[in-house]
Amino acid sequence: MKILIAGALDPYANREEKCLCNDIAEYYKQLGHTTDICYLPFKMDYHGLQEQILAYRLITTYPESDMLITVGYPAFALKHPNKHAFLVEFLPEFHSNYNTEYGFMELWYRAQKDQKLQKNLLTTENICLSECKTVFCASDFLAEEISKLGINSERYDYSALLGKDTDGNTTDSDEYVIESCLEPMDRIDIVLKGFQEAKNDIKMAIYVPDAEECYIAAVNARIHRLCLTNRVRIVHGSITEKDLTSSRGAICLRRFAGHIPAFIMHAAAMKISCIVPKDGGSLNEFPQDDYIQVIEPTPAMIASALSISKRRKTETSIKEAISPKMKADLERLVK
Amino acid sequence: MKIALVNTASLFIRGGAEILVDDLKSQLEIRGHKVDLYRLPFAMDFGMPLVRLIEASQMLRFDDYDRVIAFKFPAYCVKHRNKSVWMFHQFRQVYELWGTELGIPDEKKYYPLRDLVNHMDKALGEARNMFTNAAEVSKRLMTYNHISSNILPPPLENVEKYKCGETGDYIFYPSRVNSFKRQHLAVDAMKYVKSNAKLIVAGVCEDQDYNLQIQQTIRKNKLEDKIQFENRWITNEEKYTLMANCLGSMYLAYKEDSCGFVSMEAFYCGKPVITCSDSGGTMELIEDQKTGFVCEPDAKSIAAAIDKLYMDKKKAAEMGFAAQKEIIRRDITWENTIRRLLA
Numbered sequence: 138m139k140i141l142i143a144g145a146l147d148p149y150a151n152r153e154e155k156c157l158c159n160d161i162a163e164y165y166k167q168l169g170h171t172t173d174i175c176y177l178p179f180k181m182d183y184h185g186l187q188e189q190i191l192a193y194r195l196i197t198t199y200p201e202s203d204m205l206i207t208v209g210y211p212a213f214a215l216k217h218p219n220k221h222a223f224l225v226e227f228l229p230e231f232h233s234n235y236n237t238e239y240g241f242m243e244l245w246y247r248a249q250k251d252q253k254l255q256k257n258l259l260t261t262e263n264i265c266l267s268e269c270k271t272v273f274c275a276s277d278f279l280a281e282e283i284s285k286l287g288i289n290s291e292r293y294d295y296s297a298l299l300g301k302d303t304d305g306n307t308t309d310s311d312e313y314v315i316e317s318c319l320e321p322m323d324r325i326d327i328v329l330k331g332f333q334e335a336k337n338d339i340k341m342a343i344y345v346p347d348a349e350e351c352y353i354a355a356v357n358a359r360i361h362r363l364c365l366t367n368r369v370r371i372v373h374g375s376i377t378e379k380d381l382t383s384s385r386g387a388i389c390l391r392r393f394a395g396h397i398p399a400f401i402m403h404a405a406a407m408k409i410s411c412i413v414p415k416d417g418g419s420l421n422e423f424p425q426d427d428y429i430q431v432i433e434p435t436p437a438m439i440a441s442a443l444s445i446s447k448r449r450k451t452e453t454s455i456k457e458a459i460s461p462k463m464k465a466d467l468e469r470l471v472k
Numbered sequence: 015m016k017i018a019l020v021n022t023a024s025l026f027i028r029g030g031a032e033i034l035v036d037d038l039k040s041q042l043e044i045r046g047h048k049v050d051l052y053r054l055p056f057a058m059d060f061g062m063p064l065v066r067l068i069e070a071s072q073m074l075r076f077d078d079y080d081r082v083i084a085f086k087f088p089a090y091c092v093k094h095r096n097k098s099v100w101m102f103h104q105f106r107q108v109y110e111l112w113g114t115e116l117g118i119p120d121e122k123k124y125y126p127l128r129d130l131v132n133h134m135d136k137a138l139g140e141a142r143n144m145f146t147n148a149a150e151v152s153k154r155l156m157t158y159n160h161i162s163s164n165i166l167p168p169p170l171e172n173v174e175k176y177k178c179g180e181t182g183d184y185i186f187y188p189s190r191v192n193s194f195k196r197q198h199l200a201v202d203a204m205k206y207v208k209s210n211a212k213l214i215v216a217g218v219c220e221d222q223d224y225n226l227q228i229q230q231t232i233r234k235n236k237l238e239d240k241i242q243f244e245n246r247w248i249t250n251e252e253k254y255t256l257m258a259n260c261l262g263s264m265y266l267a268y269k270e271d272s273c274g275f276v277s278m279e280a281f282y283c284g285k286p287v288i289t290c291s292d293s294g295g296t297m298e299l300i301e302d303q304k305t306g307f308v309c310e311p312d313a314k315s316i317a318a319a320i321d322k323l324y325m326d327k328k329k330a331a332e333m334g335f336a337a338q339k340e341i342i343r344r345d346i347t348w349e350n351t352i353r354r355l356l357a
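Chains as they are written, first to last, in the working numbering: chain U, 138 to 472; chain V, 15 to 357.
A hint or two may mislead.
To be verified - The calculated EDC-like cross-link candidates involving lysine to aspartate or glutamate, where the alpha carbons are at most 20 Å apart (straight line), are:
#, chain 1, residue 1, chain 2, residue 2
1, U, K180, V, E69
2, U, K166, U, E188
3, V, K205, V, E310
4, U, K139, V, E310
5, V, K16, U, D347
6, U, K180, V, E310
7, U, K250, U, E201
8, U, K155, V, E244
9, V, K48, U, E349
10, U, K139, V, E121
11, V, K93, V, D77
12, U, K415, U, D427
13, U, K180, V, D80
To be verified - Chain U stretches covered by chain V per the calculated footprint, using a threshold of three residues with CB under 8 Å from any CB of chain V:
#, segment
14, 140–153
15, 179–186
16, 192–198
No lab work stands behind these hints, which were simulated from the structure alone.
Predicted model only: the values in this text are computed from it and were never measured.
Just so it is clear, CB atoms sit at the ideal spot from N, CA and C, and this is done for glycine as well.
With the hints as extra help, turn the sequences into a complete structure.
Okay, structure coming up:
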């Protein structure tokens, strides 16, 4: 079978979506199918969303391909009679974070226009997802969000593998780690305030695979203003296995996350201390565990969590990105 | 710099253009740039699906990138304030192939499409840099669209792996196998080869009818001992070895825009190349009787060239040496290429 995997990328994120595209393509190749991967661009521009989605609708992928797998938002807008969508995040700015400081804010003087924008977008999403034979969601939280559009979906179990370092040094760094593209819903500002309130010996490394320059500048300014330059450093790049193994703990304060970021998945698997928020969406889907602290997303609670977090045991990390369940799902699609 | 490479994708086909863009991505990343590669699925239906793709290209957003580099139609129609175009292919079906069996029929219903393509190509003048991969492409761009461009020949990756070995007894033709590349001509030529020269054809044949045609020719003329046909993508290591030790190489594509990677690879290995007088861009590189042979596009002429190489291997080696000198003289490197693309 000829299987096209189409992913939507924005320039500042999507390492995990890319990994998912590559891993699905690789798995289908192992099963003997012919695969190809295409990436299309996506810019987070509230008022330009519909036009970009229309661009996706105009692109033909059939009959050159027998099956289309889409990854990410809004790749599911592509048309194909045998389409299956994998959703990693689902534009929280217009869903779970709508009308909050972390998403699209309705302004009073143009409320009617803004509401129409959201309504049109939801209608478009419903139409595009309804065409899919299957919709897979990265979490129960995301599945619930999608169900509000009247769309049924299934869970998929996947965790992008972390990069590996070439040197074997595993000296404890004793730092907490975060991986983030510094978007507002990651609430780095609250994390930094929490660090300021916590003990002086606690350190943090913020791994930034990529981010808008204005966000980097804002976080740097905040670090300086809070006098945290000796305790908080920014690392340009993604977290590796070694970084995680040698860390003291991992933090993710993302609000209503559609998927659990890979570094948190791996941290949890390795029994490394994790701090996640009560309004974390998919981040609240971990089973009860001594190493995972679920807190109110306030500086005081972060400071408290940092002081009581348990030291790591460091068990084995996740070795296979695609779980046996997901393999079975992928095989089912081609039967 | 944050760079978007935007290409048009013929789905499930990976040819020289795709390899080149992947190589460019690697080379840019080695030099510290952040690069994303986008591929727009190209519809084989030249009706409304193609028109829609052209429309879609106008709506896709690349604002967050410092530079966009685009290669083929209609990917090079995308909008960006800092767009460089390194043109590999225009939509030739509405230009010199219009009304021919390889192009779009000269019928009234296709005139709007031709006008649209023409209109989109005229807008190429807005690009920050306008490059083509060969003189043929630049010439076409000027003839039909009155746009001037600079020629930027594509470099090979891993040039250091192409070495000169023995002067063997086979002609090596590695390429995608299809009617454009005309491997059937090479196979037909072997019917007339008088010497003990052999032919190795290596590449994936997507067209089953074409594959069958070639197989039947081999069987019917009992050429199994003279022709080795590897219907697969050979590994790079296999290619380096086969090219290093061949008698000469061959590239018989019809009206090819560029000189072809095969020709360049052979030249780096110090091997002469046999091509045809209607192969287009190959003659920008191959000089008849000096670095190879430019034959009439018929089996007997090609056979004669093969025999010439076999019967005088010393001369074949001299031609190969001249070919290697020529390609080195042209200094086609990634360093120069990237410097010009990002200027």
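- prompt: Hey, K155(U) versus E244(V), does the alpha-carbon distance stay inside 20 Å?
  reply: violated, 33 Å
Verdict on chain V covering the segment 179–186 of chain U, criterion of 3 CB contacts below 8 Å: With 4 residues in contact (Cβ-Cβ under 8 Å with chain V), the coverage given for the segment 179–186 of chain U holds.
query: Under the criterion that the straight-line Cα-Cα distance not exceed 20 Å, is the pair K205(V), E310(V) satisfied?
result: Given that 20 Å is the threshold and the Cα spacing comes to 16 Å, the pair holds.
message: Check whether the Cα positions of K139(U) and E310(V) lie no farther apart than 20 Å.
response: Violated, because 39 Å separates the two Cα atoms, which is more than 20 Å.
task: Mind checking the alpha carbons of K166(U) and E188(U) for me, to see if they're no more than 20 Å apart?
output: violated, 34 Å
message: Hint check: K180(U) vs E310(V), CA-CA at most 20 Å. Holds or violated?
response: Not OK: K180(U) and E310(V) at ~52 Å, beyond 20 Å, violated.
- prompt: Holds or violated: K415(U) with D427(U), Cα cutoff 20 Å?
  reply: Roughly 16 Å between the alpha carbons, so the hint for K415(U) and D427(U) holds.
message: What's the verdict on K139(U) and E121(V), does the C-alpha distance respect the 20 Å limit or exceed it?
response: Violated - the C-alpha atoms of E121(V) and K139(U) are around 33 Å apart, more than 20 Å.
message: With the threshold set at 20 Å, check whether the alpha-carbon distance from K180(U) to D80(V) stays at or below it.
response: Distance ~14 Å between K180(U) and D80(V) Cα, so the pair holds.
- prompt: Taken at face value, is the distance from the CA of E69(V) to the CA of K180(U) at most 20 Å?
  reply: holds, 17 Å
message: Given the hinted pair K48(V) and E349(U), is their Cα-Cα distance within 20 Å?
response: Given that 20 Å is the threshold and the Cα spacing comes to 13 Å, the pair holds.
query: When you check the alpha-carbon spacing of K16(V) and D347(U), does it fall within 20 Å?
result: holds, 10 Å
The structure shown violates the earlier hints numbered 2, 4, 6, 7, 8, 10.
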